Amino acid sequence: MLEIRDLDAAYGDIRVLSGVTLSVGPGEIVALLGPNGAGKTTLLNSIAGLLRPRAGAIRFEGEDLGALHAHLIVERGLALVPEGRRLFGGMTVGENLELGAFAPRARPTKAAGFERVYGLFPDLYQRRRQLVRSLSGGQQQMVAVGRALMTNPRLLMLDEPSLGIAPRLVRSIMASLAEINRAGVAVFLVEQNVQAALGLAHRAYVLEAGRIAGHGAAADLLRDPHVRRAYLGPLAVRE
Amino acid sequence: MSILAQQLVLGLLIGGLYGLAAAGLSLVFGVLKVLNVAHGELIMLGGYAAFWTVALLGLDPFVSLLVVVPLSLLLGVGLYWGLFGFVVRADEETRIKNSLLIGFGLGLALHALAVLLWTADERSIVTPYGGSITLAGLSIPIVRLASLLIALALIGGLHLLLARWRWGKAIRATAEDWQAALLTGIDVRRAYLLAFAIGTGLAGAAGTLVSIGYSTSPSIGLEWTLKALIVVVLAGLGSMLGTFVGGLVLGVAEAASAAAFGGPYREVVGLVLFVVVLVVRPRGLFGR
Amino acid sequence: MTHRLGGGERRWALAILGALALLALLPAAVPREDVINFVFLVLLSITLAQSWNIVAGYAGQVNLGHAAFFGLGALVARTLWIGDTPVAVAMAAGAATATLFALLIGAAAFRLRGAYFAIGTLALSEILRITVGNVLVEISTLPTATIGAYQLTHRYYVALGLAALSVLAVAALAGSRLGLGMQAIREDEEAAEASGVGALRLKLIALALSTGLAGLAGGLFAFYHISYYPAHPFSPHWTFDALLMTFIGGVGTLHGPVLGAVLYVVLKEYVALRWVDFHLLIFGALFIAIVLLLPGGLVQAAERVRRLLAP
Numbered sequence: 393m394l395e396i397r398d399l400d401a402a403y404g405d406i407r408v409l410s411g412v413t414l415s416v417g418p419g420e421i422v423a424l425l426g427p428n429g430a431g432k433t434t435l436l437n438s439i440a441g442l443l444r445p446r447a448g449a450i451r452f453e454g455e456d457l458g459a460l461h462a463h464l465i466v467e468r469g470l471a472l473v474p475e476g477r478r479l480f481g482g483m484t485v486g487e488n489l490e491l492g493a494f495a496p497r498a499r500p501t502k503a504a505g506f507e508r509v510y511g512l513f514p515d516l517y518q519r520r521r522q523l524v525r526s527l528s529g530g531q532q533q534m535v536a537v538g539r540a541l542m543t544n545p546r547l548l549m550l551d552e553p554s555l556g557i558a559p560r561l562v563r564s565i566m567a568s569l570a571e572i573n574r575a576g577v578a579v580f581l582v583e584q585n586v587q588a589a590l591g592l593a594h595r596a597y598v599l600e601a602g603r604i605a606g607h608g609a610a611a612d613l614l615r616d617p618h619v620r621r622a623y624l625g626p627l628a629v630r631e
Numbered sequence: 602m603s604i605l606a607q608q609l610v611l612g613l614l615i616g617g618l619y620g621l622a623a624a625g626l627s628l629v630f631g632v633l634k635v636l637n638v639a640h641g642e643l644i645m646l647g648g649y650a651a652f653w654t655v656a657l658l659g660l661d662p663f664v665s666l667l668v669v670v671p672l673s674l675l676l677g678v679g680l681y682w683g684l685f686g687f688v689v690r691a692d693e694e695t696r697i698k699n700s701l702l703i704g705f706g707l708g709l710a711l712h713a714l715a716v717l718l719w720t721a722d723e724r725s726i727v728t729p730y731g732g733s734i735t736l737a738g739l740s741i742p743i744v745r746l747a748s749l750l751i752a753l754a755l756i757g758g759l760h761l762l763l764a765r766w767r768w769g770k771a772i773r774a775t776a777e778d779w780q781a782a783l784l785t786g787i788d789v790r791r792a793y794l795l796a797f798a799i800g801t802g803l804a805g806a807a808g809t810l811v812s813i814g815y816s817t818s819p820s821i822g823l824e825w826t827l828k829a830l831i832v833v834v835l836a837g838l839g840s841m842l843g844t845f846v847g848g849l850v851l852g853v854a855e856a857a858s859a860a861a862f863g864g865p866y867r868e869v870v871g872l873v874l875f876v877v878v879l880v881v882r883p884r885g886l887f888g889r
Numbered sequence: 015m016t017h018r019l020g021g022g023e024r025r026w027a028l029a030i031l032g033a034l035a036l037l038a039l040l041p042a043a044v045p046r047e048d049v050i051n052f053v054f055l056v057l058l059s060i061t062l063a064q065s066w067n068i069v070a071g072y073a074g075q076v077n078l079g080h081a082a083f084f085g086l087g088a089l090v091a092r093t094l095w096i097g098d099t100p101v102a103v104a105m106a107a108g109a110a111t112a113t114l115f116a117l118l119i120g121a122a123a124f125r126l127r128g129a130y131f132a133i134g135t136l137a138l139s140e141i142l143r144i145t146v147g148n149v150l151v152e153i154s155t156l157p158t159a160t161i162g163a164y165q166l167t168h169r170y171y172v173a174l175g176l177a178a179l180s181v182l183a184v185a186a187l188a189g190s191r192l193g194l195g196m197q198a199i200r201e202d203e204e205a206a207e208a209s210g211v212g213a214l215r216l217k218l219i220a221l222a223l224s225t226g227l228a229g230l231a232g233g234l235f236a237f238y239h240i241s242y243y244p245a246h247p248f249s250p251h252w253t254f255d256a257l258l259m260t261f262i263g264g265v266g267t268l269h270g271p272v273l274g275a276v277l278y279v280v281l282k283e284y285v286a287l288r289w290v291d292f293h294l295l296i297f298g299a300l301f302i303a304i305v306l307l308l309p310g311g312l313v314q315a316a317e318r319v320r321r322l323l324a325p
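Those protein sequence lines, which keep their order, are chains A, B and C. Positions in the first sequence are counted from 1; adding 392 to them yields the working numbering. Positions in the second sequence are counted from 1; adding 601 to them yields the working numbering. Positions in the third sequence are counted from 1; adding 14 to them yields the working numbering.
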C-alpha cells in the first residue's frame, strides 16, 4: 500500500534521511521506532508532502507521491496526525473535526465520519462546542486523531501520539487505533513508547541516524536484545 | 463641552472607516503573513473606481459599492496571481520582509499611475442628499453615518463569512497553522487567494466610503496605509470586530488630540500610540 | 550575499573615487549652472543612498525613517547657519544631532523585528515631519546678504566631498572587522549572537554611521537651497528615494547605490512628464522585479552578464 524506496531527505544542507526503504501493507499496523533526532518526524513529513525528498520514491497504492502538494496527498487517502497535534486552537472541537472533512474525498462521508469519531471518543461529543485550546493533552490527542479520521483515510500515520499523555490514556488511544485498524484502516505509527507501539503493531522498523537499522515482526523485536537494551531499558514499564 | 462631544462624534464616524480599512490589511497579514503596504493605494483605487462609476453610470454613490467591491475582488485575485502568490513561497520571515518591499514598490507605481490617469486633483463624490440628524444636541451628518453603518455591516458580514462559510473556516485554519491546514486537506493556496481577494474587496469598499464622505486623491495611499497599520497594531490580529473597535478608538483619539492640541496634531497621536504599542506590546490590545 | 571588500569592490571603490576626483574639474570645464546643479543632485543622491545602504545592506534592517535624520541635519544646520554659525560647524552640529537622536531611539527600535522596525521608524519620521511642519510653518529663506554671496561651486565641492566620504565610509566598513560582524548578523542573527558578535552594539554603530552621513547630507541640503519649507526634508520621499536607489543598484554592495543613484537621477530628469513622477512608475515596477527576481539589484545583473560573456 505504502512503499518507500531509497528515500533521502534533508533540511538545507543537513542530511536527515539516507536510503530509507520500508513498506506498509493494507490492513497492517506498522511501527517506526528510534531515538530522538533519528529522522522519524522528517520521514512522516516527507510522506505527507510537507517536505520534498531529495531522492528516492514514495508510492501510495501504486501512485508516486513525490511531487504532490500535501492537501492532494490527503485527498488520496493518506492522513497524518502530526507531532504536537497541531490543532486549530481558536476553533471548537466540532469545527476542528469538521475541517477534517474538508477535502472532496471526505465531504460525502462527513456525517458517517462524525459518528465514527464520536463513537470512538464519546468524550469529544460532549465537548464539541468547546474551544480546543481549553482541552487537556489527552483530549486534544483524541481530537487530532479524530480530525485525521474525518479525512476518510485508507492509511493513518501518527507522529508520537503518546507524547505528554498519561499512561491510562495512552492505553486507550492504542485501543482506539486497534479498533480503527479493524475497521480497515492501515496504521503507520511513530512512537517513543516502544512497549505500547510493539504491543499494538504487527511489524516494526527501527530508524537510527537517518537509516533503517532493523525491522521485523513486532513480537520478534520485543525479544531482540539490541532493541531491549536501547529502547526498553531496565525501567521498562511492564504491561 | 458640546463642541468637544461634536468633535468626538465626527472622530467616531471616520473611525469606522479606519476599522474597515484595517480589516482588509489585518485579514491579509493574519492569513498570508504578508504585509501589503500598498493597501492604502488599493483604498485609493477603490475611491477612484467609485468616483468614475458614479460619474459614468450615474449610480447612487452608495450603490456604486455593488460595482466597486466585485471589481476590487477581481483586482485582488489579479494581484495575488501576478505578485503576492510568489511572495508566499518563502518562509514567514522572508515573506514579511519581501511583502513590505514589494508593497512599497507597488504603492509607488500605483500612485504614479493614478496621477498619470486622473491627475493629482482631489475628487469627491457628491451625494444628492445630505444634511444631518440631531441626537442629544449633537449634529450627525447623514452621509457619514450611513458610511459608518455600512462599514459596520461589512465587518459583521466578514465575521459571519469567516465563522460560517466553509472556506471562511479554512481561511481561519490556515491563519492559525498552514501546515496543519494542508494536512487536513485544505488547499492553502486557494485559502490565500480568497483571503487576499476579500482583503482587497474590503479596501475597495473603504475607498468608496472615503470618497463619498470625504475625498480621494492619488496621495491618500500612504496616509491610509499608516492608519490601517496603526489600527492593526492597536487591535492585534485575529478579530475583525476587535479591529473595527480599534478603528473607532483611533478616530476618537485623533479627535480628542485635535481638540486638546489643535487640528494639525490630529495625525500625531495615532502615530505616537502606534510607536508606543509597538515597543511595549507588539501583540496589540485585542490580539492573542 | 558575501560582500567583503574583495578585489572587485576595491577596484570599484577606486574607480568611483577616481570619477569623483575628475568631477572636481567640472565647474572649470563646464561652467554651466544647469549641469552643475544636475551633478550636484547626483552627488547628494549618492550620499543619501550610501548612508541608507549602511543599515540596510550591512546591518540588515530596512530603516523607513531615514528622512528623519536628513531632516534633523537640515533643521539644525539651517538654524545655526542663519544664526551666523560657520556653515561647517553648523553642518557638523546637524550631523551630531541626527546621530544623537538615532542612538536615543536605537536601542528600543532594534528590539522590533524586521517589518515592525521598518514601519516603526516610518511612524517616528512622520511624527517629526508633522511636528516640525506645525511648529515651523513659514518658509525658511536665506538672508539677502547670503543670497548675494551665494556661490554654487562651493556647494558643489561640499557635495563632492560628502559623496566621496560616503563611499569611503562604506568601503572602510565593508573591509573591516566591524563590517564582517555586521554581515554575520545580516545573514543569521541568532548564530552571530551565539558566537559573541554583540549584535546590538554593531547595529548601533551602523546606525550612527548611517544617520551621521544622512545628517551631513541634510546639512548640505540646508546649505544649498535658498528657500524651502522646514518640514520638506522630513518628507518620506527622501527615504523612499534612498531605498529605491540602493535596492535597484544592489543593496549591501559598495557600488550598487552609486549606480542606482545615477540611474535614478538621470531617469528622473529625462523621463519626467509634465506633472507626473513617471520615473516612479518605472522604478516602482523595477523595484518589484528586483525584489522578486534579482535581489542583488543591477550589480547582480551585471555580474551575471559578465559571467555569461567571459567564459
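The set of hints was computed from the structure by calculation and includes no laboratory data. A quick note: this is a predicted structure, and the numbers were derived from the prediction, not measured. All C-beta atoms, glycine included, are put in the ideal place defined by N, C-alpha and C. Among these hints, one or two may not hold up.
To be verified - Residues on chain B that point at chain A, a partial pick, calculated with CB under 10 angstroms:
id : residue
1  : Ile604
2  : Glu693
3  : Arg767
4  : Arg773
5  : Ala774
6  : Glu777
7  : Gly786
8  : Arg790
9  : Leu794
10 : Ser858
11 : Ala860
Against the structure, the hints:
The interface hint given for B:Ile604 is violated, since its Cβ lies 43 angstroms from the closest Cβ of chain A, which is over the 10 angstroms cut-off. Interface hint status for B:Glu693: violated, as the beta-carbon distance to the closest one in chain A is roughly 15 angstroms, over 10 angstroms. For B:Arg767, the shortest C-beta to C-beta distance to chain A is roughly 7 angstroms, which falls under 10 angstroms, so the interface hint holds. Because the beta carbon of B:Arg773 sits about 7 angstroms from the nearest beta carbon in chain A, less than 10 angstroms, this interface hint is met.
Interface hint at B:Ala774: satisfied, since its Cβ lies 5 angstroms from the closest Cβ of chain A, which is below the 10 angstroms cut-off. With a cut of 10 angstroms, the hint placing B:Glu777 at the interface with chain A holds, because the nearest CB-to-CB distance is about 5 angstroms. The beta carbon of B:Gly786 is positioned within 10 angstroms of a beta carbon in chain A (closest approach about 3 angstroms), and the interface hint is therefore held. Taken as an interface hint, B:Arg790 checks out: its beta carbon lies about 8 angstroms from the nearest beta carbon of chain A, inside 10 angstroms.
For B:Leu794, the suggested interface contact is broken, since its CB lies about 14 angstroms from the closest CB of chain A, more than 10 angstroms. Interface hint status for B:Ser858: violated, as the beta-carbon distance to the closest one in chain A is roughly 34 angstroms, over 10 angstroms. This hint is violated: B:Ala860 has a C-beta 39 angstroms from the nearest C-beta of chain A, more than the 10 angstroms allowed.
Violated hints, in rising order: 1, 2, 9, 10 and 11; the structure is consistent with all others.
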